[in-house]
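Q: Add chain B to chain A, keeping to what the hints say.
Protein sequences appear in the order of chains A and B. Everything in the first sequence is counted per our numbering, starting at 1 for the first residue and increasing by one. Everything in the second sequence is counted per our numbering, starting at 1001 for the first residue and increasing by one.
Because the hints were derived from the structure by calculation, they are not lab data. Fair warning: there could be bad hints in the mix.
Stated by the list, open to error - Interface residues of chain A toward chain B, partial, derived using beta-carbon atoms under 7 Å: (1) S111; (2) S125; (3) L128; (4) A152.
Glycine is no exception: its CB is placed at the ideal position from the N, C-alpha and C atoms.
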Amino acid sequence: MGLDSEKVARKARISSLLMCQRSSSSHIASSLSVIDILSVIASEVQLVEQGELGNELIVSKGHAAAGVYAVLAHTGYLSISELENYGKDGAILGGHVTNKFVKVLQLSTGSLGHGLPFALGRALSRKLAGVDGNSYVVLSDGECDEGSNWEAALLASHLGLNNLSIIIDRNFLQSLASTEDTVSLESLSAKWDAFNWDVETCDGHDHAALTSAIFRNSTKPKVTIANTTKGYGVSFMENRIEWHYRSPSLKDLQIALSELQPEL
Amino acid sequence: MRNAFIDELIEITDQGVNSFLIVGDLGYGVIEKFQDKYPKRFLNAGVAEQNMIGMAAGLASSGYKVFVYSIANFPVFRCLEQIRNDVCYHSLDVNIVAVGAGLSYGTAGYSHHAIDDIGAMRSLPGLRIFTPSNTNEVRIAVRESIAKCGPNYLRLDKGGQECFPNAKNYHSPFWVEYFSGEDLLIISSGEILSECLVAAELLLTMGINVTVASVGQIKPLSLDLNRVESFCQILIVEEHSILGGLFTAFAEYAVLHGFSQKISRIGIPDSIHAELGSQKYLRQFYGIDARGIATAAFNFLNN
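Chain A extracted, bound-state conformation:
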């Protein structure tokens, strides 16, 4: 693809802020957290549409929909003008990821713990068909509470599905408190390692680091624990629980935009 993923991420942050402000919807902080991960994936590889086998995107943390749609729009997978209707009555894009109108998304999500099992089915299909490509599955860290992920983790390594690459958006915050104060996940990398996955940890906002981690080769299924900051890029949203829920006011939006594009 060869797009400038940094530029994509910058535009996507601005778009998702506008989308959440206009539609008075939640999860802006989750979107800002995951945008760099998604920008790297969507900029670096050609993603296939539903019904095709190849490099596939499965976003399991469906609540980051604003960020997902913004990235897909700025990488050419979705019409940018559609972002303006986000969350409106009768719109095709809303608060949780749907694949009904977005052909590059393989699965509609919103309830956590669904993306990885589905991705195993896709990865196995490609193996059996002898088709190259990876399933890129984006999970939240709080989502690792879901047992279905660990069912899938067991089977993926048993089947040797090294055409699976999952990225955990490790921002350490979930719905009510930090992940470690809720149901502690650490040592998260040791857990995946114990399930016989190839584990790498990186800075989830450093695009070069993300690129080398996400697209590495391995004989095992791969997990990248991308250390991120929830609400990244907007000072008053960073690491603040309330921005899991709140939508930005017009004033919030102005301050956020001035931080993201200081040149203006």
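A: Chain B only, in chain A's frame:
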């Protein structure tokens, strides 16, 4: 019925259907035939039903006609959200096959009594529900599942015979009549038909002539409307909770079509019983064995 299912699956695969079989670590002595013949179309997903259904959705979205095989409630309740979100919402060709309908696994206890599965599955959009009464109907249901795109639920008894004699009125493969009495129409679904047929014989000795109809597809509900309308009284018999199953489906239909007949039903009451024993014993316990059905029919006609 499970052997008929596997034999039919092998046959359609031989004929070129792009099938895939996932089992939830169950099917000993049944599934090996398929596994041996089509090892690349087979997976034991282990004891992990949520992942099993999610994977089935992934395989189906890649072009496979997926059959997920397990027993009783396991491929329904443990993974109901996966069926709802991953399979039904995406209209995928995933066929969920549950062996052990109703009280088939009677001695195994409550965890294995599939007596509220239809109620849960009926509410899922686009999902067809097949309830064959014999092994011939299992084969028809498998073929129908392949012919119609989208998700299907096949509710199979553990046992079951090949067919019942003297079947009549094949207006549809999923509405089959036995006997031709006019006093009462008994409608059942699944293998409990065998009890209804014995009940019909018992009633005959009491001078009561009934017709028994077997419904092989509960969703969409397969009825012969003309035949149903020709009876004044209808008794529904099901090996399922009285809530959410055949009676509920029939009652909805009856209300919407302005039926004026008297309708009654017997099934498993809406309460928890710790009773266990053979299927024969439990059917008797719940009053849905031949004698219980005959008694219910007699009382219904005489009250």
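Q: State for each hint whether it applies.
A: Results of checking the hints against the structure:
{"no.": "1", "hint": "S111", "result": "6 Å, holds"}
{"no.": "2", "hint": "S125", "result": "3 Å, holds"}
{"no.": "3", "hint": "L128", "result": "6 Å, holds"}
{"no.": "4", "hint": "A152", "result": "5 Å, holds"}
The structure agrees with every numbered hint stated previously.
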